[in-house]
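Undergrad: Whole structure, please, built from the sequences with the hints as guidance.
Those protein sequences? They're chains V and F, same order as listed. Heads up, the first sequence is in this note's numbering, so the first residue is 1 and it goes up one at a time. Heads up, the second sequence is in this note's numbering, so the first residue is 1 and it goes up one at a time.
Just so you know, the hints here were simulated from the structure itself, not pulled from any lab data. All values derive from a computational prediction rather than experimental measurement. Accuracy of the hints is not assured; some may be wrong.
Listed next, the in silico EDC-like pairs over lysine to aspartate or glutamate satisfying Cα-Cα at most 20 Å (straight line) [to be verified]:
#1 K2/V with D118/F
#2 K207/F with E188/F
#3 K207/F with D180/F
#4 K7/V with E121/F
#5 K7/V with D118/F
#6 K130/V with E149/V
#7 K207/F with E169/F
#8 K2/V with E121/F
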Amino acid sequence: MKTLFLKDMRYRRARVVLTALGITVLISLILLLGGIMNGMRIQARQYVESTGADVWISAEGSGGAFIGFSMVVEEYMAFLNSGPGLAPDSASPLVFAQARPSVRGKSTKAIVVGYKLGQLGGPNHAIEGKMFTPSNFEDYRPEDPVPYEVVIDEKMGLEIGEQITLSNEKVRVVGKAKSLMFVLDTPLLFMDVRIAQKLLLGNTPHVNMMIAKTDTNEQPQQIAAGLDALETIEARTLKQTLTDIIAYYVDEPMKAVQFLRVMLWLAAGILIGMITYVTMLEKTQEIGVLKAIGGSNGYVMGLLLKQVVLISVVGVVLGLILSYVFAAAAPIFVAINFVESIIVVCISFVVCCGSGYLAARKAIAVDPMIAFRGEI
Amino acid sequence: MTAVVEGTGLTKRFGTGDATVVAVDSVDIRIEESELVMIMGDSGCGKTTLISLLGCILTPDAGELRIDGALIDPVNEDLSVIRHGKIGFVFQLFHLLPYLTAVENVMVAMDIASTKTDAAEKRATELLTQVGLSERVHHRPAQLSGGEKQRVSFARALANRPKIIFADEPTANLDSRQSDNLMNLIQELRREHQTTIAIVTHHEGLKENADRIIEMKDGRIVTT
Ligand SMILES: Nc1ncnc2c1ncn2[C@@H]1O[C@H](COP(=O)(O)OP(=O)(O)OP(=O)(O)O)[C@@H](O)[C@H]1O
Ligand SMILES: [Mg+2]
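TA: Okay, here's the thing in structure tokens:
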């Protein structure tokens, strides 16, 4: 009777369904937490990588671009552009500042990216509408009148022509750029570096950082090290910058979440172990009878293990599916890594089956004499 | 006549030190083919322990056991094979699996003995018909009366064509009418299958059905 174990499961279906659901929820939580962190890592990288810059220069003592507070005097631009090892005229000033614009009357989180159109730091083309009007002068001139225009993230849900309020000034949306959300779905607002300086940096000749490309035949690592040796600036390669930004924005703040993931695994193992064990306790009588009428330990074990494996498979697979459904429906960016999810699923399956096996092994140790004794 | 079961000097102790109980004390016993024996005696005299030893559920501390002429080696032999191959059990509390129908409960015994499902289902249905349950084949234990459950137990015990059936107080949980019915069934089954049956019972009224009464006292057999 191949279906003996199924009949048993059908008889105890409420518990079977609950166990599988418990596993499902725990697995999907483990996967979702991983997906959230993975999503944050992707968002932490995507803007930085999109600029195409190889060297990131910030103020001395800032700990690197994006990490500590960094203000650099724009005068360095001249030095960098004539500097050794950098691609000619590739050095670009960049304002990268958290802002709290009022969008349709609602205060919203955003990051203002101020750069020079045509240089590194932001898109050169809008996917809808047009780019902002660039300032006329290379250097900082507060008297230079530039219209307040912004290119927004396509996913912000604003229409071209609408206005947002930034530092009490009205800024007009003129175009939309390909979505490049920063960590935790923070939209980027692209505008001319002069407007950004005016609205966010108190109209001073400073920027937060400067970025540049290295000459094709140069090693970014050496160029960055050379610049870093200077007294007043810090320089990092793209690779270092990415490492820093992921550590600073994702891995360090999410340490507790990582810990939680491990705990969830433990919980999944304990859960199935406990439920299997309790179910087995309830079945001691039956197991004893099966042994008394001649069932070997292997026979009974087979019966129990088939149930454990089936519940684990169903729970784990549903968990996998559910995590993708949740990820799609989540209010924040969740990117579940497929390979990672397969690994998680495999480990979870082993954990569930392992604890189920331990419980079953304990259960089949029952003395068949129990069949003669009735209740104990 | 050949002995289906033959025990010599069978002894079983429980506990250690001062708390040691000699449940079965150097018992010599022989049960012949097609015999219906009843094992009787006061509560605690060792009846259940004795049939557990004879049925290879317990292993003796001393003594020898032969089933169907073959000496049992409890250390090196897989006793579960002997239990499903040569012995049938009927328990006081029926012990049917609650999640299986009557026919499936009989089939489990054959599943344990690796009988193919089709053949098992056919035989299980036949056996249930023989015990008068042709109308109850697909009922669960919860839907059966005590007497009906015990009939299913007998069908299950017969499933693998055992050499002997051990029944521990099979009528203890039945009323007198049901237990008379069961006794009639047992007599019928013996006529059909020539099955050897050993019944542990307290019911004095059942005595008349037995070929032989084995009386126990304090772990020993006093009359056979
Ligand atoms: N597992 C055990 N541990 C300790 N003592 C036991 C154990 N099993 C049985 N005994 C003892 O062995 C003796 C015989 O028990 P057994 O169950 O064989 O009696 P019985 O004749 O079947 O009694 P009853 O008619 O009440 O069923 C009793 O004194 C009992 O307490
Ligand atoms: Mg007893």
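Undergrad: Now look at each hint and say whether the structure bears it out.
TA: Tested hints:
1. For the given pair, K2/V sits about 12 Å from D118/F by alpha-carbon distance, which is consistent with the 20 Å threshold.
2. Straight-line distance between C-alpha atoms of K207/F and E188/F comes to about 17 Å, which keeps the hinted pair within the 20 Å bound.
3. Between K207/F and D180/F the alpha-carbon distance is near 12 Å, which keeps this suggested pair within the 20 Å criterion.
4. Distance restraint check for K7/V and E121/F: the Cα-Cα separation of roughly 16 Å lies within the 20 Å cut-off, and the hinted pair is therefore satisfied.
5. Between the alpha carbons of K7/V and D118/F the distance comes to roughly 17 Å, so the proposed pair stays at or under 20 Å and holds.
6. As the CA atoms of K130/V and E149/V are separated by approximately 10 Å, the hinted pair is consistent with the 20 Å bound.
7. Our distance criterion of 20 Å between C-alpha atoms is met by K207/F and E169/F, whose separation comes to about 13 Å.
8. Between K2/V and E121/F, the direct Cα distance comes to roughly 13 Å. Compliance with the 20 Å bound is thereby established for this hinted pair.
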